[in-house]
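K.L.:
Okay, here's what each chain looks like letter by letter:
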Amino acid sequence: MASQPTKRETSIGFGILLVLAGIVIGIFIKQFHYNRAMVEGVLEGDTSAIPTTGLSGELLVEVAEGMVPLNPPEIFGPENLSDKIDGKAELYLSAGFLRLLCQRFAEASDSNSWMEGFVYDMGTLRRAFAVYSVQRRADAEKIPGMEFAYRTENALFFVHGKYYVEVIAAVMTEEIAEAMRSFAHNFIGKTEVQGGRIEELALFPPEGLDEEGITLLISDAFGFDRFDNVFIANYAVENVQLMAFLSMRENPSAASELAAAYHGFLMANGGVDVKSDVKIPGAKLVKILDTFELIFSQGKFLAGVHEAQDRGLAEKLAMTLIQKLSGAGT
Amino acid sequence: MSILTVRRISQALFLLIFLWLCIVSSLGEKWWQLRGWPVNWLLQLDPLIGLGTVLTTRTLYAGLLWAMVTVVLTVLLGRFFCGWVCPFGSLHHFVGFLGRRWKPLRDQVAMNQYHRAQSIKYYLLVFLLTVAAGGSIAHLARVFDDRHMIVWILVMASIAVIVVLAIFKLTSNRRKAIAIFSLLVGLWMGLGFFLPLDRVTAASLQIGLLDPIALVYRSMNLVLLPVVDAGMHKLSTIQRYYEGAWLIGVIFLAAVFLNLWIPRFYCRFVCPLGALLGVLGRFALWRIGKARDECTACKLCDADCEGACQPSGQIRISECVLCMNCRSSCKEGLIEYRTSLSASGEITSPDIRRRGFLMAFVSGLAVIPTLRLSGQVGSNWHPAIIRPPGALPEEVFLDRCLRCGQCMRICPTNIIQPAGMEGGPEAFWTPILNFRIGTSGCQVNCIACGQICPSAAIRPISLNEKLGREEYTAGGPIRVGTAFVDRGRCLPWAMDKPCIVCQENCPTSPKAIFTREHFNTVRGGVLSVRRSDTLNVEFEGNPLQPGQFATGDYYCTLDAAADNHRRRIADNTGNTVTIASSWPWQTPPPRGSSVRIQVHLQLPYVEPKLCTGCGICEHECPVRVRRAVRVTPENESRSRERSLLLPMAGRRQ
Amino acid sequence: MNRREFLRRAAKASATIAATCSFAYWLYEDVPPGPLQGHSPVVLPDFSIPDLRGRMSIVTGRDRIQTIRRALKAIGGIEAFIKGGDRVLLKVNAAFATPPILSATTNPQLVAEVARLCFKAGASSVVVIDNPINDPASCFTLTGMAEAARLVGARVIMPTKESFKPTTVRGGALIREWPLLYDPFVGVNRVIGIAPVKDHHRSGASMTMKNWYGLLGGRRNILHQDIHNAIKELAVMVSPTLVILDGTTTMMTNGPTGGSLGDLKQTNTMIVSTDQVAADAFGATLLGRTVTELPYISKAESAGLGTADYESLNPVRESTG
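Protein chains in written order, with this note's numbering: chain A, 1 to 330; chain B, 1 to 653; chain C, 1 to 321.
Among the hints, erroneous ones may be present.
[What the hints assert, rightly or not] Below, a list of computed lysine-lysine pairs in the BS3-like style, where the Cα atoms sit at most 25 angstroms apart: (1) Lys-30/A to Lys-7/A; (2) Lys-331/B to Lys-7/A; (3) Lys-609/B to Lys-331/B; (4) Lys-275/A to Lys-287/A; (5) Lys-73/C to Lys-83/C; (6) Lys-30/B to Lys-30/A.
It is worth saying that the hints were derived from the structure and are not from the lab.
Since we're looking at a predicted model, the values are computed, not measured.
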């Protein structure tokens, strides 16, 4: 037996132990550096859950209390909405439609006097407002006490939070009208919605404005695919009909960039630049197909006047618009 | 401090490191979970894995570069890896030590005697490397197609020269050996000019079957840890199951127990890595040997020799594992680890015969093409071979898979399983997905298997690529197969039982499983009315089980009435059915009229464009044994042959 | 002694280390392998002759050999298209192992005559190719193609697994990284497609554009799920020098295999054109169909591959009687 380990052997031994210690330390340090995403992705909850929208089949029966249901409640999703409303589905789908709940009810006393309620869950107040405002009928009659609502001879249309509701009657009697009103009233009472405001509505200058006529075009406004979330409002300026438009973008540079893009879109479609006297920096006036289009951006808002017959009046409207916007806090 | 102590510390440390790396291979961020622990490090240090993948893929992939450390140190020092690092070796060393320590000296010497059978591991090495090399040899023959490869041919030629020089030493009859070997290689390359060699040669990486590091990882991950953890569930939150683990366990135990017969049995007779390191260590600068040729032949050194390399006589350098036992056993202090050759002489070359070498070589070339005749990599694809997401196309996959079991260990839902004979012997122990075992299907947001695979047989895909998002939108998500509804077994299809578990659990958005409504009249569901009102209808006798229709899935219709819309049944007794109060009948059904009770079924359908084959539906299906919805590898992204649809149709619209 | 031996060993050890390290460095690859292996997709070059575009001739007559000679002369002669030293590829329809009288495949005499004319114009080689649906050897034999080619010195090339390379059609959605019978095209500079006029159950008709289907490998039958777009992409894939549409015997029904002589009608017309869309548009009339019944024609026209209004090319009309 080699008696005692030599000094050489011991020092080599220690050298090796040092290397081993280095390996351990190296491994320990390595474990701090890792790809978080790989680990988190699996651990974090159930990403496959599809959110339910809170519309239950029994809701309408409760809302239409006192009336007799004529069919079971129907529920439609994006994939089969067209089974119910055919081509109109496109409008709702492009606005982010989630669910439709509908059912028919008749008066207890007279089964021929019936109506159908449609509750569209659009996901957000803005989207509900969009489909509401775009479909506003010409013979709309304002309903006192409700913000976004109107009635026609045989129907009732309103927005409540993220829901857009239509109640359409088969007959035009006072009783059914009363039943529709009570339906609307009960619906609002029985559904809790998040509060919310649509800020852009207050940004249109009130002089000459048709307040009930403000419409939100959720996408493809004026045929331009980048134009989304555009509000349009009808004005009567010196008895001439004008349409103003306004869209809130993320930030001022996004607004001016979109304004330039829209201008480019108009030019590409046969528009011609026209010199404008309007005192708005960066404003563009374009003559296209016998009408004038005025575009400008102010802070994070993109705005202008659409298809105006008279350029002077368009410029005048634009000035009132920009004054309102400047005051609005850019 | 004795070098023996250092060696033991080193062995213990690497064994502990290995154990720890296996334990932490569990997805998570805690210190005892995966985090950044370099769990593949020991595999990466293994030069046999490096060499095998170089032969099959002609690249040295990423972390496998660590093997160069082992190679360089082995060339300088000898088989230190076997004696100081290899955890499998340490295990054998320890069990072998236990087995021999109480035996008399004579028996110990006999146990640690050199056996001619120790050359088997060299034949195994040649065989496994040839199995891997077939494709590269064919590639060599195609060299002139591709201009860059002129360099390749020069290098290969010089490698061939080196190999020839090695054989120079390996056999007795040099010239004949050179001639025959050169002839073989030349013949093969020549054939390549005339025949399409791609058809004749095929290669895949089979070293993982016998490589000790891959084997010990596999055994630890798939057998030892799950068994130990069975009661405690500390190492993993779930009980882990592995199909066919019994065989892996048997092999492991056999290898361990054989040490009681002959110590380090596996290292001496089977280990191809040991063989490779033995060949690499031929020119080692430091080697064990006698300082003086004055031995008293006490055989004490032989008794403790771990490598069975005969330190008492002409020491066999290629078998020496640097355990240093002989150095301390020798009472005369004759044995040293030094730069000079042993005074009693050395045998540097392993004792392999030309015949054995040729047999191993030729059978290695023949194996894979023969196995491929079964068509299992092509048209005769077995339906159970579903590869994990990110797996490379099959032939390349088989070129890279080490069968180390790391992917099986890390999979959070335990669905990656070692294949049995489904894919034939070539795919033995490669990872396949089994959605019945385990806790769920392939999780949507998990990319663990690709990230952990040391050889990128499963590519390290990003989450975006797996889900088909952002820059990967055009190709759509990665699919591993498609679910097929077995209408003969599915509850709503075949048994009138409402069920939409598969559709509910389908994680894609929109769901790949959709349903179509269907109403079936239940058995014995046409009944005659005895009494009724607007909400209730009573039948003759007591034909019903109370509450049987109260689940909300049953409806009744009046056959002949004007109002024949279905009404949902709210409840029933033995003879009365009550419909939901939200929609009563206008007029109660007349006496004697017939009422039909129907069950509302939602029949599942699969849309192949959207199905990724994640298997969650198969896992959740309540038909437990042979599931009513099963995933098979049709339409998997990585293969054109198993595509179901036109390429465009596979993309998300 | 010791020293020398040690140095020798040290040298060998260093050599081994150097060799293995440089090998490892050369082969080191830290980028993981991509999803689909293989070469980048090939694209066939444009074989059309720019100055000779928009030419078409329609010759009626009972004898194919006469009509093809006249038709080629009418568009400027084969010499205008084939010059000395050109390497010509004839893409024929040999999809089925059927005899020539069933007219499910290109007529072998026609192929032989075209090859002969090419050689006469000075072509250095003429190859005949197709990737048949049935077994290649029996297809080329039973259709008479093999013998006809051999007689004039043209070479039939049988497709093998190695002959295919993945191709992606420019702007294509279907033919992406699809195996294409590419090898025979290497070194070729003139391509002539020769197809019979046939009814086709799935696409309505099989004429010069559908003829290129026979260049695809893999599981090409799934392209039938979107056949009209597939045919349009085939026309994008191949821009031939010439197409020859043999309407001497048209398969009016039960295409593409036919089977009965009653499926055939003697329409006795040979069409040669540099515009494959125009050729097919005219061929449709022989089948008694309109262009609207064959959507792939308008799709190809919209893709800018030719015109369906063949009259606008002022085709030369002749008759050999």
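K.L.:
Please go over all the hints and tell whether each is borne out by the structure.
P.N.:
Status of the hints after comparison with the structure:
1. With a CA separation close to 34 angstroms, the supplied pair Lys-30/A and Lys-7/A exceeds the 25 angstroms bound.
2. About 19 angstroms separates the Cα atoms of Lys-331/B and Lys-7/A, which keeps this hinted pair within 25 angstroms; it holds.
3. Restraint check: the Cα-Cα separation between Lys-609/B and Lys-331/B comes to about 77 angstroms, which exceeds 25 angstroms; the hinted pair is violated.
4. Distance hint between Lys-275/A and Lys-287/A is fulfilled; the C-alpha atoms sit about 10 angstroms from each other, no more than 25 angstroms.
5. A C-alpha spacing of about 15 angstroms is found between Lys-73/C and Lys-83/C, which places the hinted pair at or below 25 angstroms, so the restraint holds.
6. Restraint check: the Cα-Cα separation between Lys-30/B and Lys-30/A comes to about 14 angstroms, which is no more than 25 angstroms; the hinted pair holds.
Violated hints, in rising order: 1, 3; the structure is consistent with all others.
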